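Enquirer: Quick mapping for you: the protein sequence lines, in order, are chains G and V.
Using numbering that gives the first Met the number 0, read the first sequence as starting at 0 and increasing by one per residue.
Using numbering that gives the first Met the number 0, read the second sequence as starting at 0 and increasing by one per residue.
Please keep in mind that the hints were generated in silico from the structure rather than gathered at the bench.
Values in this document were obtained by computation on a predicted structure and should not be read as measured data.
Careful: at least some of the hints might be erroneous.
Label pairs and their computed distance ranges (CB to CB) [claimed, not checked]: (1) G/Met0 / V/Asp17: 41 to 49 angstroms; (2) V/Gln248 / G/Arg196: 53 to 61 angstroms; (3) V/Thr311 / G/Thr245: 54 to 62 angstroms; (4) G/Arg196 / V/Asp383: 48 to 56 angstroms; (5) G/Arg137 / V/Ser158: 25 to 33 angstroms; (6) V/Ser158 / G/Lys5: 54 to 62 angstroms; (7) V/Thr311 / G/Arg71: 27 to 35 angstroms; (8) G/Asp2 / V/Arg81: 42 to 50 angstroms; (9) V/Glu155 / G/Asp55: 30 to 38 angstroms.
Calculated pairs, DSS-like style, for lysine-lysine (alpha carbon to alpha carbon, straight line, at most 27 angstroms) [to be verified]: (10) G/Lys269 / G/Lys185; (11) V/Lys117 / G/Lys66; (12) G/Lys190 / V/Lys117; (13) G/Lys35 / G/Lys66; (14) G/Lys185 / G/Lys35; (15) G/Lys5 / G/Lys35; (16) V/Lys117 / G/Lys266; (17) V/Lys102 / V/Lys117; (18) G/Lys190 / G/Lys5.
Positions of the beta carbon are idealized from the N, C-alpha and C atoms, including for glycine.
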Amino acid sequence: MSDWPKVRLHVVTGKGGTGKSTVAAALALALATSGKNVLLCEVEGRQGIARMFDVDPLPYEERRIAKGAPDRDGRAGQVHALHIDPESALLEYLAMYYKLGRAGKALDRFGVIDFATTIAPGVRDVLLTGKVYEAVQRPRRSDKGRKGAAITYDAVVLDAPPTGRIGQFLGVNSELAGLAKVGPIKSQADKVMELLRSPRTAVHLVTILEEMPVQETSDGIAELRDAGLPVGGVVVNLVRPRALSTHALALVRDDEVDPTGIASDLKRAKVDVDAALVASLIDEARDHAVRRQLEDDQRVLVNAEDVPVYELPRLAAGIDRGALIDLALLLREQGMA
Amino acid sequence: MSPTPMTTERPVPLLDIDALLDDHSTEIIVCCGSGGVGKTTTSAALALRAAERGRQVVVLTIDPARRLAQSMGIEQLDNTPRPVPSVDASAGGSLDAMMLDMKRTFDEVVEGQASPEKARLILENPFYVALSSSFAGTQEYMAMEKLGQLHRQALEDGSYDLIVVDTPPSRSALDFLDAPERLSSFLDGRLIRLLVAPARGPARLMTAGLSVVTSALGKILGGQMLRDVQTFVTALDTLFGSFRQRAEQTFALLQADATAFVVVASPEPDALREAAYFVDRLTDDHMPLAGLVINRVSPSARTELSAEEAITAAERLRAGDSSSLAAGLLQLHADRVRIIEREQHLRERFAASHPQVPTALMPAMPGDIHDLDGLRMIACRLADQG
């Protein structure tokens, strides 16, 4: 059973370097259980999804990119991806609501598209979230299987900008609110905000167990709560392997490991052993124990936040499709999906 | 595969930090790179080391961690450099630091360029208020503006002989090179001229095109926002030229030999890809690249035992005793070796496509850096790549 049964829109944010895009992709795979369609969106123009899934760069168009993480019977749903860029979103928006004709071309020539998407404060973000909103709200059609009909999604995962900008991106301290008091951009922003503030949205924060990211996560949670945005869970990413028990960690930290015992164990395991090797392994374990201690201190802070916490391991080999599926299964096991 | 360097590896030129800092023809160091790679800490560490080696330094930071800001004495935002306490001045150097206040910097530009009444009109305009406090390029522009100001001041009164700049945590590392140009070309551009033009519209054809554009803009933004924009640009009319001029000056300053770019990355695919884009871009724009700093490099293994051997041995031991401590040690070692190998592979790929870029490695620290001692230690490790 998922912790977020009512949520249709999962917004994933996190400090730079914490792996938020990886977590967003893994979450999309985890949500795509048998018979479900999930849309994974990116908005920062990085083509990170294409790289993670090893496909060609994504256009402004929904593409099926992967099967979800399989269940016990090996069945899975579908993950689609969409790369949202503000220019295309604006042109689509204009085409949908206005018949601009040659004015559309003139807009581009006079730098209006550039103005609206890069300079006009807040407009860019409304265009990006507006497209996500459209995908979430897309009416379910009875003629679902018909060719050409837009797919409806059971869940949408948004790989959002980093924690430092998430409030602004979601329109929290919206310059736009003060700026556009009327007009279509304003009403678009209002509709999007209504969805974002509803129980159908959850904003998840990705962190690693280090001081600055944990502090930023805590600040981010406070900011989201102040703005009335629904805080989801915290995903603790890149957790070090638990190769040593608590007892063993204490031994290593207190310098009480018996080198002769380790040496004879290694010899039994057919390792070509000498004193230097044993000393090196113990030294490395001490490094590890110090970092584990720091991780544990930060974990206490994360757990004090009073939101569901999920943990994902640091994978020594890096991230590829297979690794994403592994991470997805771990998220599912822990109830995030 | 052994974790030690392979014989096919090209030697990567070393980035000599002390040579860079001691070279008095270096007047500006710009640290850039993607978010979360330790740019702020790196720029603060370089600035501190330069100061303690005798230079008159000011460091401009964008968004330092709270405790680091406190220990540097810059927790309050007043947009003015302040002396950093407890810097060792025995070599005759000094260190000031400041945190960028982007809105205030923008206000100062307006106040410095316009008459008092006009400045007031601009500063109170809702569009200006939004523009000057939103991140859409303004932060990047203002960081460059502040750099220009500090540099002019340094030339005038000799207060500083080295300015170290941290760059904003942009969506992409390239934003900060492009944003000033983008903003100035807007403030100075065709669209604005058209918005201001209606009263004195030159040709019929032009006005026709214009009305199509303004009516479309009105549809998108709403009439009231469009009016705010129009009032804003009308008030700003006299400043147009100066915006472009300033952006051009800053760009020229960045291209000058007195500037050195230090690209900061971590040994992760995304961060190194951004670093590669950045290096290419700097080269294309003839900007002086000093080198690459790779932060958070995993500490090297202390023995040559391979990951595969370690895993096999750990499995043998676990078969007999599932809680074997020796097996745990072996597994940790294997994990460490694999991470080192992956990072090394990523670094080699970068070096293969950018063989000329001098590089310095910074091992990952167990905890965060909060104080000058921490910064000193980092700078020392960066300078000593032996």
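Enquirer: Go through the numbered hints given earlier and state which of them the structure violates, listing their numbers in rising order.
Expert: 1, 2, 3, 5, 9, 10, 11, 12, 14 and 16
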